[in-house]
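If you read the sequences in order, they're chains A and B. Under this note's numbering, the first sequence has 4 at position 4, and the numbering climbs by one with no breaks. Each position in the second sequence, counted from 1, maps to that position plus 283 in this note's numbering.
The hints are simulated quantities; they were obtained by calculation from the structure and are not laboratory data. Every residue gets a Cβ at the ideal spot worked out from N, C-alpha and C, and that includes glycine. Among the hints, a few may not be true.
[Claimed, not checked] Have a look at the derived ranges for each label pair, beta carbon to beta carbon:
hint : chain 1 : residue 1 : chain 2 : residue 2 : range
1    : A       : S69       : B       : K489      : 55 to 61 Å
2    : A       : D232      : B       : G477      : 56 to 62 Å
3    : A       : K282      : B       : E359      : 42 to 48 Å
Number of protein chains: 2
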Amino acid sequence: MYDIAIIGGGPAGVSAAINAKVKNKNFIWFSSKAVSEKVAKAELIKNYPGLPSVTGAELGWTFINHCESLGIAMREEVITGVYDTGGKFTLLAGDKDYEAKTVILCLGVQTVKPIEGEEEFLGRGVSYCATCDGNLYKGKTIAIFATDKIFEHEIEYLCSLAGKAYVIPLYKNANLTAANAEIIMKTPLKISGGMRVEEVIFKDGKISVDGVFVLRASVAPSTLVHGLQTEDGHISVNRKFETNIAGIFAAGDCTGRPYQYIKAAGEGNAAVHFAEEYLAGKQ
Amino acid sequence: MYDIAIIGGGPAGVSAAINAKVKNKNFIWFSSKAVSEKVAKAELIKNYPGLPSVTGAELGWTFINHCESLGIAMREEVITGVYDTGGKFTLLAGDKDYEAKTVILCLGVQTVKPIEGEEEFLGRGVSYCATCDGNLYKGKTIAIFATDKIFEHEIEYLCSLAGKAYVIPLYKNANLTAANAEIIMKTPLKISGGMRVEEVIFKDGKISVDGVFVLRASVAPSTLVHGLQTEDGHISVNRKFETNIAGIFAAGDCTGRPYQYIKAAGEGNAAVHFAEEYLAGKQ
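Full structure from sequences and hints, please.
Structure, rendered in structure tokens:
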């Protein structure tokens, strides 16, 4: 059981992890991708005080060096669900799970909207987790949406179980070896069905499926945490970075504009302070 | 007339100034002391992401270099009052005044409490400004409280006007040449009087005076801006860093805990964003 679980490898997550480490907290830190990839953008950053004129890539490496100098380990795992399990939170990452007393969400800005029907059929044919739910579809027909090449090993795994797999890569240059995989280069419009998922609908046709796997580097906040309050796509927080769920905090771009590295870093730091305050109050 | 006036030379003020400059805003920036003195503290800072392990002094110089690389000028002046003068704010600095449409207060944490009676008699014998009000006390008896050696030239100026000056330095090694100055090394307890100031009271005695000058590097927020809402000594702000007065924003330690460099820097950046939003809405 950890005191604090930090989810996200952008500036807010990095700052939260650094502060938690410096304060010698019992914490765990997850990011779906390496810090450098999360932070790296082409632009030149001129308003991060103390680092005049750095690129996103340079800032990313500076963050990595900082973390390494403190001996901070980041777990490169995608958290697909955070559940309140009675006085603590359980975080799912593939077939693994972790427990923490508080969670700090540093999810960044969602650029991908859920597909219509995705949230409606979650748990009724829609899954975010190949390793958790793959076995339910042995010999069956599935569709797999994947936003990133990093998921290809999970796609291969699903194909090894399924009878037939329609793979819908939302990225370029998909490269799969499974014989039963059919790659569809179309944008899915809707997941539909009755009690359970039955079809995936495209602009010019549809496919019948028993299940749909959605593999994304990040899950929408309200999908990740059931009942989490959001406003215009941002997680609602107060000045203590508290969400509407006691023990869950949020920091950085996911809490709203301005989308700035230094603002996110400041919030990540402060969120740890208020998580500590919350933990102290519970004792 | 400036669009934005930034008051304070700590991390929040530095970050606000850097962001305003990068965004090419029409702004002015005040600090009572050099950036390096504001930021420098003995401690080692390990949780400012991107700068692993720096001293306060090193961070201060890094900030100065950053500002210089962008050609940002900071005015080393003490702002003693901010007044709403109808759709704009007037900032007093000695015998000078400046006008701005918005103000960002980055005042840091107040370590000095006002002396009892100080706020009550402000404008009725208590003054923060030697150059503005010194002439009112020609040949009269005054007390001068000063928190810092940097005010000694103002003390000498006041002594040159007054008949008699009781100088109460709240710092060590006071060094004054004026013949009519009497240095009192006691802590003042109270300023008292009737319609106007009459006495300064110490634990073991009192002195009769016509006026009291209080020379401080920073003025308490509620004294600086009349009607500003504070709570437990911190300026009340929302997530947009808006105070209770439209057009006045606050960022950094003065808005509350945690007192952290990165948190303050993040807030200074964001406050500029919301000041811009406010200015856009007024047009």
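Each hint, compared with the structure:
no. : hint                        : verdict
1   : A:S69 - B:K489: 55 to 61 Å  : 58 Å, holds
2   : A:D232 - B:G477: 56 to 62 Å : 57 Å, holds
3   : A:K282 - B:E359: 42 to 48 Å : 47 Å, holds
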